[in-house]
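Listed below, chain by chain, are the residues.
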Amino acid sequence: GAGVSQTPSNKVTEKGKYVELRCDPISGHTALYWYRQSLGQGPEFLIYFQGTGAADDSGLPNDRFFAVRPEGSVSTLKIQRTERGDSAVYLCASSYGLSGTDTQYFGPGTRLTVL
Amino acid sequence: QQQVKQSPQSLIVQKGGISIINCAYENTAFDYFPWYQQFPGKGPALLIAIRPDVSEKKEGRFTISFNKSAKQFSLHIMDSQPGDSATYFCAASKGEYGNKLVFGAGTILRVKS
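For the protein sequence lines, the chains are L and G, in the order given. Under our numbering, read the first sequence as residues 1 to 115, first letter to last. Under our numbering, read the second sequence as residues 1 to 113, first letter to last.
Okay, chain L solo, but in the shape it has when bound (with noise of 0.2 Å):
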């Protein structure tokens, strides 16, 4: 079956605009989770979404970054008055239970450059 998708693939954008990632999970899976990995390190934990709610978005930098899942499938993260600093691939994974043990199955990612 298709596994979670994320567009655009890739993002280039101007320091200061505001930019939208969006994820499509597996069909099904519950759990969604928005992740940053950037150069050379491992992803780091954004913000978990339990159905349509928001678990969980202590790893969210500052109020710029902001996330919704308004049916409980496709979700989106949006960034607003973006630095440079913000450049990073974000990454999507969902799973199909609650429990921290399911297994993630993760987006290829959304490259995301700010000028």
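Among the hints, erroneous ones may be present.
Stated by the list, open to error - Simulated crosslink set (DSSO-like; lysine-lysine; CA at most 30 Å straight-line):
1) G:K15 with G:K94
2) G:K5 with G:K15
3) G:K68 with G:K5
4) G:K5 with G:K58
5) G:K94 with L:K78
6) L:K78 with G:K42
7) L:K17 with G:K5
8) G:K42 with L:K15
9) G:K42 with L:K11
I should point out that these hints are in silico values taken from the structure, not numbers from a laboratory.
Here the structure of chain L is known, so what remains is to put chain G in place on it, guided by the hints.
Structure of chain G alone, referenced to chain L:
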């Protein structure tokens, strides 16, 4: 705060050799330890995972060794193949309801043919 430390940063192994990657964690509340494999331009994919109630888990050529008292775990790739060349990440989570993964910094493995 780096909660999961991974070494080495990079590793070159001859085809047929054994690749060994090590990780150490600090948070004793962690009780789920997966390893992910990532190819360029792709997202990480689960390779193998272990809970701390066992000291070793083997799946094919991949083995996790776990030392709870030392708070260390390692990935062994037996009979390494060029197709194994990728970046490997160890991770840890509390394993409870919807908990996030904490990743190591990654190891770039190159298997020379």
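Structure-inconsistent hints, enumerated in ascending order: Of the numbered hints, 1 and 7 do not hold.
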